[in-house]
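Trainee: Once you've looked at the hints, dock chain B against the given chain A.
Protein chains: 2
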Amino acid sequence: MSAIETDMLDMGRRARAAAAAVRTAAPEVRTAALGACAAALSRSTSAILAANGRDVAAARANGLSEALIDRLTLTPERLAGVADAVAEVAHLPDPLDRELARWTRPNGLDIARVSTPIGVLAIIYESRPNVTADAAALCLRSGNVAILRCGSDCLQSSLAIHAAMVEGLVEAGLPADAVQLVATPDRAAVGALLTGLEGNIDLLIPRGGKSLVARVQAEARVPVLSHLEGINHTYLHAAADADMARDVVVNAKMRRVSVCGATETLLVDRAAAASLLPIVAEALIQAGCTLRGDAESRAILPGIEEAEAADWSTEYLAAFLSVRVVEGLEEAIDHIRRHGSGHTEAIVTGDAEVAAAFLNAVDSAIVVWNASTQFADGGEFGFGGEIGISTSRLHARGPVGAEQLTSYKYVVRGVGQIRP
Amino acid sequence: MSAIETDMLDMGRRARAAAAAVRTAAPEVRTAALGACAAALSRSTSAILAANGRDVAAARANGLSEALIDRLTLTPERLAGVADAVAEVAHLPDPLDRELARWTRPNGLDIARVSTPIGVLAIIYESRPNVTADAAALCLRSGNVAILRCGSDCLQSSLAIHAAMVEGLVEAGLPADAVQLVATPDRAAVGALLTGLEGNIDLLIPRGGKSLVARVQAEARVPVLSHLEGINHTYLHAAADADMARDVVVNAKMRRVSVCGATETLLVDRAAAASLLPIVAEALIQAGCTLRGDAESRAILPGIEEAEAADWSTEYLAAFLSVRVVEGLEEAIDHIRRHGSGHTEAIVTGDAEVAAAFLNAVDSAIVVWNASTQFADGGEFGFGGEIGISTSRLHARGPVGAEQLTSYKYVVRGVGQIRP
Chain A
1 MSAIETDMLD
11 MGRRARAAAA
21 AVRTAAPEVR
31 TAALGACAAA
41 LSRSTSAILA
51 ANGRDVAAAR
61 ANGLSEALID
71 RLTLTPERLA
81 GVADAVAEVA
91 HLPDPLDREL
101 ARWTRPNGLD
111 IARVSTPIGV
121 LAIIYESRPN
131 VTADAAALCL
141 RSGNVAILRC
151 GSDCLQSSLA
161 IHAAMVEGLV
171 EAGLPADAVQ
181 LVATPDRAAV
191 GALLTGLEGN
201 IDLLIPRGGK
211 SLVARVQAEA
221 RVPVLSHLEG
231 INHTYLHAAA
241 DADMARDVVV
251 NAKMRRVSVC
261 GATETLLVDR
271 AAAASLLPIV
281 AEALIQAGCT
291 LRGDAESRAI
301 LPGIEEAEAA
311 DWSTEYLAAF
321 LSVRVVEGLE
331 EAIDHIRRHG
341 SGHTEAIVTG
351 DAEVAAAFLN
361 AVDSAIVVWN
371 ASTQFADGGE
381 FGFGGEIGIS
391 TSRLHARGPV
401 GAEQLTSYKY
411 VVRGVGQIRP
Chain B
1001 MSAIETDMLD
1011 MGRRARAAAA
1021 AVRTAAPEVR
1031 TAALGACAAA
1041 LSRSTSAILA
1051 ANGRDVAAAR
1061 ANGLSEALID
1071 RLTLTPERLA
1081 GVADAVAEVA
1091 HLPDPLDREL
1101 ARWTRPNGLD
1111 IARVSTPIGV
1121 LAIIYESRPN
1131 VTADAAALCL
1141 RSGNVAILRC
1151 GSDCLQSSLA
1161 IHAAMVEGLV
1171 EAGLPADAVQ
1181 LVATPDRAAV
1191 GALLTGLEGN
1201 IDLLIPRGGK
1211 SLVARVQAEA
1221 RVPVLSHLEG
1231 INHTYLHAAA
1241 DADMARDVVV
1251 NAKMRRVSVC
1261 GATETLLVDR
1271 AAAASLLPIV
1281 AEALIQAGCT
1291 LRGDAESRAI
1301 LPGIEEAEAA
1311 DWSTEYLAAF
1321 LSVRVVEGLE
1331 EAIDHIRRHG
1341 SGHTEAIVTG
1351 DAEVAAAFLN
1361 AVDSAIVVWN
1371 ASTQFADGGE
1381 FGFGGEIGIS
1391 TSRLHARGPV
1401 GAEQLTSYKY
1411 VVRGVGQIRP
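Residue numbers (my numbering), protein chains in the order written: chain A, 1 to 420; chain B, 1001 to 1420.
Simulated from the structure, these hints should not be mistaken for lab results. Hints are supplied without guarantee of correctness; some may be wrong.
Computed footprint of chain B on chain A, listed as stretches where at least three residues anywhere in the stretch have a Cβ under 8 Å from a Cβ of chain B [to be verified]: (1) 15-26; (2) 361-374.
Covered stretches of chain B, as calculated for chain A (at least 3 residues, CB under 8 Å) [said to hold, decoys possible]: (3) 1015-1029; (4) 1115-1122; (5) 1354-1361; (6) 1364-1375; (7) 1390-1396; (8) 1402-1414.
A virtual CB, placed ideally from N, CA and C, is assigned to each residue, including glycine.
The following block holds chain A by itself, in its conformation from the complex (with noise of 0.2 Å):
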C-alpha cells in the first residue's frame, strides 16, 4: 500500500470517528460551529488572499485561461461573500431529528421516520476555492462529516480556508477531522477516495466538468450523487403571450449561459412560430446569441446558422441556441424525451390544461411553466445554498442543499409488543 493509500485510509476512520460526534452533537453546536467557521474566515482574510495569491501566480505560470484564473482568483469582496455564506448557512434551519412521518399500528407500534445525517461524504471539485467552505458548511448543517478534495490549482487557498474552518470548528466543541482536506494533489488521492476507504465513505459528490462526474462514475465503488450535464429545453406554446415567451427566453438562455440551468434548445409550435420566432430571435442576437436553427425556422428567421445533428444533443454553456419547430405539444415532448438530459425544461404558454400534461409528461428534474430555467439553483428554490443540481433519480433530484444530505431512519416505541 502506497504511502497516499495509508494516508487516505487514515483519513476515513478519522472522519468515520468524528462523524458519531457530528451527528450526535446538538443543533446549536452545529449553528454556533458554522457562525465560528465565518468569523475566522474573516480574520483569516489576509492569510487566505496570500494563499490565494500564491494558487494564481502559479496558475498564470501554468498558462491556464483567463476565465479559469478568474474562477480561482479571491478577492477581499469575494471572500467576504465566502464567509457570509457560511453565516447564512448557520441560520438555516436544522434538517436533522425531523419527525417526516409517524403512525402507529393496529398492534399499538408507534412508528416514527426520523431525518438522520447520510455519515461521511467525500466532495471532488474543480478549481473554487469558495467549494472549501461552502461544501463543508453544507455538509456540518446536516451533520454530515465532510472529506474535500479540491482541484490542485486552488489548493494553497483550500488549505487556508480549511484551516480557517477547522479552527472554528474546535471552537464551538466538534472534531477538527469534521471537515478534512485532502493535502495531496496527488491523483491517487481521488482513486483512494473512490475505493470507499473500507467501507468509511457513504457518498461521493463530484462536483465539477463532465469528464470528473464520468471517471467518479465509472470507478466508484460508492454510491453518487452526480451532477450531469443540463441539454434544457424552453418550449413556446402557441397559446404563449409573446413578451412573456421574449422575456422568459432571453432569460433563460442569456442571464448566464455558463450554467447548468441555461436553456440551449428552443422548440416553438409550427402554428406560433411567424409570430413568435421573429420577436424572441430579435432580442435574443441583440443579447449576443447566435442562433442554429432547423429548416423551419431558417425559413422564418432566414439569417440564422443551420443546425446540426448534434445541436440537439449539445450543451454549449455558451452564447448559442439551437431553435426548432414542433408540431405540437406531442412532438415537443418526444424531442425532449430524446433529447434531454433530465435537468430542466420549460413550456410558455397561457393554456393551464397544455401547462398540465407538458409538466406531467415531461420526466426531467425541474418541469417549469412560464417562467425562466434560469431559476434551476438551490439558493432561488430557497434552500439557502447548494451542493449542486442532482440528474441522479435516486435519493436526491433536482438542487441539494442541507435537507437533501439528510437520510432517515425509522423509531419504533413499544410496549412489549411481539410478533405472531
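Mentor: Quick look at chain B alone, frame taken from chain A:
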C-alpha cells in the same frame, strides 16, 4: 457482442420505452392491472404448478438441500397466497403524483415537489418463485418498469408466473414490456444487467444472500439498493421488566431464526444480569436456542457455550445467540457501533430517558424500544409488502415498499418570472 448481450440490450430498450407508458398511466389503470395480474395468476394455477413441478424435480436431481427445495416449492395454497399478495398491492394507496411539499417564493414562483417513479428497476433474486410476482407488483404500484432475473432453479416457475402477470398487464392496457423476465439461466445476463444496459436501468436491487449482494455491489455500474446482513442486537437495560425482557428476546431470536430482523446478540446490563439472564436464558434454551456467552454471562449461566471473537460479528440466521454483559448504555451503544450492521437494534427498559438516549445514539435503519426486532418488516410497518430491508443510507433505508420505490421532481409554476 454476444447474443445474450444483444438480447439484454434489447430488453433494456424495451423497458425504457414501456416506462413512459407506465409512468403516465392513470393510477386506476395500474390498480386494474394489478387486479388483472392477480386474477391471471389464479386462473393459471395448473400451468404454474406444472412448471414448478419441473423445477422441483430438477432441483432434486441436482441434489439441492431440502431447505432450498422447500423454498422453491409451490403448492395450491402458496400460489393462492402469491395471487392474494398481488391483489393486496392493488389496494395500496398509489404513491405517485403526491405533493410532498409545496411553497411559494418571494418572487411568486410556486414550487412543488411531486413523487414520480424511479424508472426501470432490475431485480436480481434467488430461487423464490413468489418474488417474481411480489417484486413485479410493487414495481407496478410505484409506476416503475421491472426487469426480473431469477435464480436458475426457479426459472420454469418464474416463466409461468411471468406469463400470467403479462396477461394481466395487457388486459389492463399496459405494455407487456412493463414486466420482463430474463429467460436464460446464463450468468452473462447478470453481468449485462450490472452494466446498466446503456443507461436503461435506473436501479439495481439484489435480493438474496451475501455473495449475490457482494457481487452486485462490486460490479454494478448503476445505483444499487442493497439489503446487507442483519447483525441485530437486543439490549436489556437494568430497568427492563423481566417478563417483557424474556418474551421480547425469545420472539426476537426464535420466532423465525432465518429472517434478517432476527436478533443475533443479546446485551445485558451488569447491574441486572444476575436477575434477568437466568429467566431469559431458560426460555431461550427451552425454545431450542444455543447460547454463546462472554465470561461474565457464563459465570451466571455456567452451562452455555463460550463466545469467540467472531461470534460478535456473525449473522447466524440459526438458533444461536451470542450473549454479553455490558457496564451500561454507553458500552451497549459502543458494542453495537463496532459489531452491528446498521439494520435493527432494540432496547428493553422501563426508563424513558435511557430509551430516548439509545434511540438517538444508535445509528441503525430501525431502532426499537420495548418490542421485538422481528418487526423489521415492510408488512409490519404497514407498507403492504416490501422488496427488502435496505441497509443503504441513500434513498431508502429500512423496509422498502412501493413508496420507497419512488423518486420526485420539482414542478415550478410562474407568471413569466425571469431570474435577475
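Trainee: The structure should be examined with respect to each hint, and the outcome stated for every one.
Mentor: Do the hints match the structure? See the list:
Using a Cβ-Cβ cut-off of 8 Å, 3 residues of the segment 15-26 of chain A lie near chain B, which meets the minimum of three, so the contact claim holds. Here's how the segment 361-374 of chain A fares: 12 of its residues keep a CB closer than 8 Å to some CB of chain B, so the rule of at least three is met and the hint holds. Judged by the Cβ-Cβ criterion of 8 Å, the segment 1015-1029 of chain B is covered by chain A as claimed, because 3 of its residues qualify and three suffice. Under a criterion of three residues with beta carbons nearer than 8 Å to beta carbons of chain A, the stated coverage of the segment 1115-1122 of chain B is upheld, 3 such residues being counted.
With 4 residues having a beta carbon nearer than 8 Å to a beta carbon of chain A, the segment 1354-1361 of chain B meets the requirement of three or more and the stated coverage holds. With 11 residues having a beta carbon nearer than 8 Å to a beta carbon of chain A, the segment 1364-1375 of chain B meets the requirement of three or more and the stated coverage holds. With 4 residues having a beta carbon nearer than 8 Å to a beta carbon of chain A, the segment 1390-1396 of chain B meets the requirement of three or more and the stated coverage holds. Coverage of the segment 1402-1414 of chain B by chain A holds in this model, with 8 residues showing a Cβ closer than 8 Å to a Cβ of that chain against a need of three.
Comparing the model with each numbered hint stated earlier shows that all of them hold.
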